[in-house]
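For reference, the chains in residue letters:
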Amino acid sequence: MKFLCIDCDTAMKFKDVTRPEQGSVTAVFECPDCFTEIAMFLNPSETQMLKSLDLKLGGNNEAAQPMQMVRSQLETGKQDLMSDISSETGIGEKAEGGKCPFTSVISDAFEETAEPAEPEGLKWTPEALERLERIPSFVRPMAKMGIESFAKENGHAEITAEVMDAARGNFPAQF
Amino acid sequence: MKSYKELPDDAGSNIVGQVTAQANRISKRLTSVQRTVAIMSGKGGVGKSAVTANLATALTLAGQNVGVVDADINGPTIAKMMGVRNATLEYAATGVKPATTKLGTKIISMDLLLTEDDAPVLWNAHSQKDAFTWRSTMEVSALREFIGDTDWGELDYLLLDLPPGTDRLPNVVELIPNLGGVIVVTIPSEVSHLIVKKSVTMARDILKVPIIGVVENMAFYVCKHCGEHEPLFSVEDTPNNAFQLTTLGKIPFDPKLSRCNDNGTPYLNEYPDTPASKTIREIAQKVQDFFQT
Numbered sequence: 001m002k003f004l005c006i007d008c009d010t011a012m013k014f015k016d017v018t019r020p021e022q023g024s025v026t027a028v029f030e031c032p033d034c035f036t037e038i039a040m041f042l043n044p045s046e047t048q049m050l051k052s053l054d055l056k057l058g059g060n061n062e063a064a065q066p067m068q069m070v071r072s073q074l075e076t077g078k079q080d081l082m083s084d085i086s087s088e089t090g091i092g093e094k095a096e097g098g099k100c101p102f103t104s105v106i107s108d109a110f111e112e113t114a115e116p117a118e119p120e121g122l123k124w125t126p127e128a129l130e131r132l133e134r135i136p137s138f139v140r141p142m143a144k145m146g147i148e149s150f151a152k153e154n155g156h157a158e159i160t161a162e163v164m165d166a167a168r169g170n171f172p173a174q175f
Numbered sequence: 001m002k003s004y005k006e007l008p009d010d011a012g013s014n015i016v017g018q019v020t021a022q023a024n025r026i027s028k029r030l031t032s033v034q035r036t037v038a039i040m041s042g043k044g045g046v047g048k049s050a051v052t053a054n055l056a057t058a059l060t061l062a063g064q065n066v067g068v069v070d071a072d073i074n075g076p077t078i079a080k081m082m083g084v085r086n087a088t089l090e091y092a093a094t095g096v097k098p099a100t101t102k103l104g105t106k107i108i109s110m111d112l113l114l115t116e117d118d119a120p121v122l123w124n125a126h127s128q129k130d131a132f133t134w135r136s137t138m139e140v141s142a143l144r145e146f147i148g149d150t151d152w153g154e155l156d157y158l159l160l161d162l163p164p165g166t167d168r169l170p171n172v173v174e175l176i177p178n179l180g181g182v183i184v185v186t187i188p189s190e191v192s193h194l195i196v197k198k199s200v201t202m203a204r205d206i207l208k209v210p211i212i213g214v215v216e217n218m219a220f221y222v223c224k225h226c227g228e229h230e231p232l233f234s235v236e237d238t239p240n241n242a243f244q245l246t247t248l249g250k251i252p253f254d255p256k257l258s259r260c261n262d263n264g265t266p267y268l269n270e271y272p273d274t275p276a277s278k279t280i281r282e283i284a285q286k287v288q289d290f291f292q293t
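Top line first, the protein sequences correspond to chains R and P. Residues 1 to 175 (the numbering used here) make up the first sequence, in order. Residues 1 to 293 (the numbering used here) make up the second sequence, in order.
Source of the hints: derived by calculation from the structure; they are not laboratory data. Hints should not be assumed to be uniformly reliable.
To be verified - Here are the simulated DSBU-like cross-link-like pairs (lysine-lysine), alpha carbons at most 30 Å apart as the crow flies:
1. P:LYS28 / R:LYS78
2. R:LYS78 / P:LYS129
3. P:LYS278 / R:LYS78
4. R:LYS78 / P:LYS5
5. R:LYS2 / P:LYS2
6. R:LYS152 / R:LYS123
7. P:LYS97 / P:LYS80
8. R:LYS152 / P:LYS129
9. R:LYS2 / P:LYS256
10. P:LYS129 / R:LYS144
11. P:LYS5 / R:LYS2
12. P:LYS256 / P:LYS278
13. P:LYS97 / R:LYS15
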């Protein structure tokens, strides 16, 4: 993708990215002549496609680590392999200095999926938690996030077995 | 107003440069690999992985340095068939150290990275909804890393065990443009021939990849009492007629071979004198001859 400042007829430059929301990131581009800025929003599918290709907006100056895509993105992968790559590549760290800021932003989007933040005020009843524990470990984080999103969207302050039943039809994992 | 081509770059992301760097990782890695061979069919259930595992063993026993990439990302079986499921992958700056069989064949497979027996390949994503839009891309990226990021060392042969589907070989050729050759696996059934023909067309006529030949698996079984060859299927067309390709060999069905695959033990070592073992060794020899001519 390329961006043109129509007024200046000048190619715009990558400037920054904002925090992700719901798996979507926003990249900011600036005209080097008039300093006009524009924002490009990547929807979650576009963000995911970029991740699938192991490409980074704003450039990638980091040396490639062995199997970095698989090791950082395989949800059902052995944990020792997954944690290893995090420390090697800085995935999950905040952007600093000259480091490509998109690396951290896109990683934050991934972390959002791996360890979803519990919506404020949302409680799980003991029965619901027990049912959650019965979901296979490798799909549990995804199912938990889906149930909580469903509950929030439908105005439930507490996740009960009934809420889980209502949410069941929306997800591939059975619980 | 300037056009797309008049703008100098992609605003600083250098996506082309990143893709080129990925391709270079594979090219650099394969400089130590003499020959790359894809084992394909298009059809599922014909025994591609069994042929791959035993061919790899036969080549290894013939003194060749052999590596195997289990390119079936979602249904990996090579690690089990070759007895390395419990191996732990080691990571180093030079690449991932592959699992190695007792005979010395090097293996990389998604099976070695999955946490549990019943764990499917599941990719990290904000949502699995509409995952069809990116899942295949993830799989190709994983295959790219398996080939390019494994520390193979010096290899005479790198075999790639492809999953079913006529669309798989194009992905491999994208990653390895100078693929050395393809082995086509079929069984003597019209249903199999119907699908395998499509894969042959893809390889020979569209991708222009050298086809080493056809392996007919489960071609017949040998009566243990009288030694007669009895057919398992009822197809009249021979592989030569059906595909207009060299037949590398017809492997008879042998329950012991299946048992060895389940146990992860090398059939060629355990039962070196069976008709199937002899055929597999002949196939391995023909593969070596192919690259020497």
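Hints versus structure:
no. : hint                : result
1   : P:LYS28 / R:LYS78   : 28 Å, holds
2   : R:LYS78 / P:LYS129  : 24 Å, holds
3   : P:LYS278 / R:LYS78  : 39 Å, violated
4   : R:LYS78 / P:LYS5    : 45 Å, violated
5   : R:LYS2 / P:LYS2     : 11 Å, holds
6   : R:LYS152 / R:LYS123 : 11 Å, holds
7   : P:LYS97 / P:LYS80   : 18 Å, holds
8   : R:LYS152 / P:LYS129 : 18 Å, holds
9   : R:LYS2 / P:LYS256   : 60 Å, violated
10  : P:LYS129 / R:LYS144 : 15 Å, holds
11  : P:LYS5 / R:LYS2     : 9 Å, holds
12  : P:LYS256 / P:LYS278 : 14 Å, holds
13  : P:LYS97 / R:LYS15   : 39 Å, violated
When held up to the earlier numbered hints, the structure conflicts with 3, 4, 9 and 13 and fits the remainder.
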